[in-house]
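Peer 1: Now for the letters of each chain:
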Amino acid sequence: MGNIRVRIEIADTGLAAALSAFLDADPRLEVTRGDADVVVVGFDEASDARVVAVHSPGTGVLAIGQEHPEPMIAALEAGALGYMSATASFDQIADGVHSVGGGHGVVPPAMLGGLLRHVVHRRRAARADLDRLETLTSRERDVLELVASGLDRAAIAQRLFISTDTVRTHLMRMFRKLDVHSQPEAVAFAARCGLAAEPEGER
Amino acid sequence: MSDWEKVRPRRRGEAWVQRDGEQTAVYNPDTEALHLLNASARAIWELCDGDTAPKEMAEAIAELTGLTPGLAWTDVTTTLDRLAELGLVETDDGASLPSQP
Numbered sequence: 177m178g179n180i181r182v183r184i185e186i187a188d189t190g191l192a193a194a195l196s197a198f199l200d201a202d203p204r205l206e207v208t209r210g211d212a213d214v215v216v217v218g219f220d221e222a223s224d225a226r227v228v229a230v231h232s233p234g235t236g237v238l239a240i241g242q243e244h245p246e247p248m249i250a251a252l253e254a255g256a257l258g259y260m261s262a263t264a265s266f267d268q269i270a271d272g273v274h275s276v277g278g279g280h281g282v283v284p285p286a287m288l289g290g291l292l293r294h295v296v297h298r299r300r301a302a303r304a305d306l307d308r309l310e311t312l313t314s315r316e317r318d319v320l321e322l323v324a325s326g327l328d329r330a331a332i333a334q335r336l337f338i339s340t341d342t343v344r345t346h347l348m349r350m351f352r353k354l355d356v357h358s359q360p361e362a363v364a365f366a367a368r369c370g371l372a373a374e375p376e377g378e379r
Numbered sequence: 005m006s007d008w009e010k011v012r013p014r015r016r017g018e019a020w021v022q023r024d025g026e027q028t029a030v031y032n033p034d035t036e037a038l039h040l041l042n043a044s045a046r047a048i049w050e051l052c053d054g055d056t057a058p059k060e061m062a063e064a065i066a067e068l069t070g071l072t073p074g075l076a077w078t079d080v081t082t083t084l085d086r087l088a089e090l091g092l093v094e095t096d097d098g099a100s101l102p103s104q105p
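Protein sequence lines, in the order shown, are assigned to chains A and B. Note that the working numbering has the first sequence beginning at 177, numbered continuously upward. Note that the working numbering has the second sequence beginning at 5, numbered continuously upward.
These are calculated hints, taken from the structure and not from any lab test. Any given hint could turn out to be false.
[What the hints assert, rightly or not] Partner residues aside, some chain B positions facing chain A, computed with beta carbon under 7 Å:
#: 1; residue: L51
#: 2; residue: D55
#: 3; residue: E67
#: 4; residue: E89
[As the list claims (entries may be wrong)] If you anchor each label on the Cβ, the simulated ranges turn out as follows:
#: 5; chain 1: B; residue 1: T82; chain 2: A; residue 2: A197; range: 36 to 46 Å
#: 6; chain 1: A; residue 1: D305; chain 2: B; residue 2: R14; range: 25 to 35 Å
#: 7; chain 1: A; residue 1: R308; chain 2: B; residue 2: L38; range: 25 to 35 Å
#: 8; chain 1: A; residue 1: A364; chain 2: B; residue 2: E67; range: 49 to 59 Å
#: 9; chain 1: B; residue 1: E9; chain 2: A; residue 2: A197; range: 45 to 55 Å
#: 10; chain 1: A; residue 1: A264; chain 2: B; residue 2: Y31; range: 22 to 32 Å
Positions of the beta carbon are idealized from the N, C-alpha and C atoms, including for glycine.
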């Protein structure tokens, strides 16, 4: 197996240079400014987009940020494969680079509980969404899918061969069952449940 | 079928916790014993809030680690068995935990 190519994207140039020199001394790592297998990204509340920007197939992102669950979860949800505390030693960061380079996730051990708790809560919310989805009649679900695809009431009525008043009735019942209060909320609910919002023109 | 499917374990409130690197020291005042937990044991212990079911813990671990649900369940229940033996978890109603005599 060849060396792991590492690119460092940390705003603090002094820290970036020191980390670069440290990682480059590892015979199994190769620090580069070009294409990389692992990108080490300095992460803060405003930098989700940076993780997304460098995240691509074949590139693992190791985010470095505060030792706190929120930024860690934000970084992982933005596509980072690993997250490490800014207080981690260079040795620990090198270990993290090797893990991410091998396709394995890494998080600070002390934050594992917080991450698991987040996953438990997200899974509960998803289960609750699916439970509410199952309360819909098949016709209400048809309406939800058409709303999610961007159709207005008239178009939905035409598609389902029903009146716009009937569409409105279905929408009101559906909103009540799903505990949403607007079409954008219903669209967001549909997206969370994996009901594709396929644009009408692409059907 | 394990009894862990029927309970929602809770951390002992009196436990004293000290983190040191990847290990966490937990002191049980009843037994006056100090126990060292590794990262995964600590994570499961932290999830013992009286609300989270062991099954939910296993599902989350399976999702995060890619372990099969069966292996994740084994990991969780083995860890909970050990935490119960050490007296570091209890149930809401004070009932005996599966591994306790």
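Peer 1: Hint by hint, say whether it matches the structure.
Peer 2: To see whether the hints hold, each was checked on the structure:
no.: 1; hint: L51; verdict: holds (6 Å)
no.: 2; hint: D55; verdict: violated (9 Å)
no.: 3; hint: E67; verdict: holds (6 Å)
no.: 4; hint: E89; verdict: violated (20 Å)
no.: 5; hint: T82/B - A197/A: 36 to 46 Å; verdict: holds (43 Å)
no.: 6; hint: D305/A - R14/B: 25 to 35 Å; verdict: holds (27 Å)
no.: 7; hint: R308/A - L38/B: 25 to 35 Å; verdict: violated (47 Å)
no.: 8; hint: A364/A - E67/B: 49 to 59 Å; verdict: violated (22 Å)
no.: 9; hint: E9/B - A197/A: 45 to 55 Å; verdict: holds (53 Å)
no.: 10; hint: A264/A - Y31/B: 22 to 32 Å; verdict: holds (27 Å)
Violation of the numbered hints given earlier is confined to hints 2, 4, 7 and 8; the remaining hints are satisfied by the structure.
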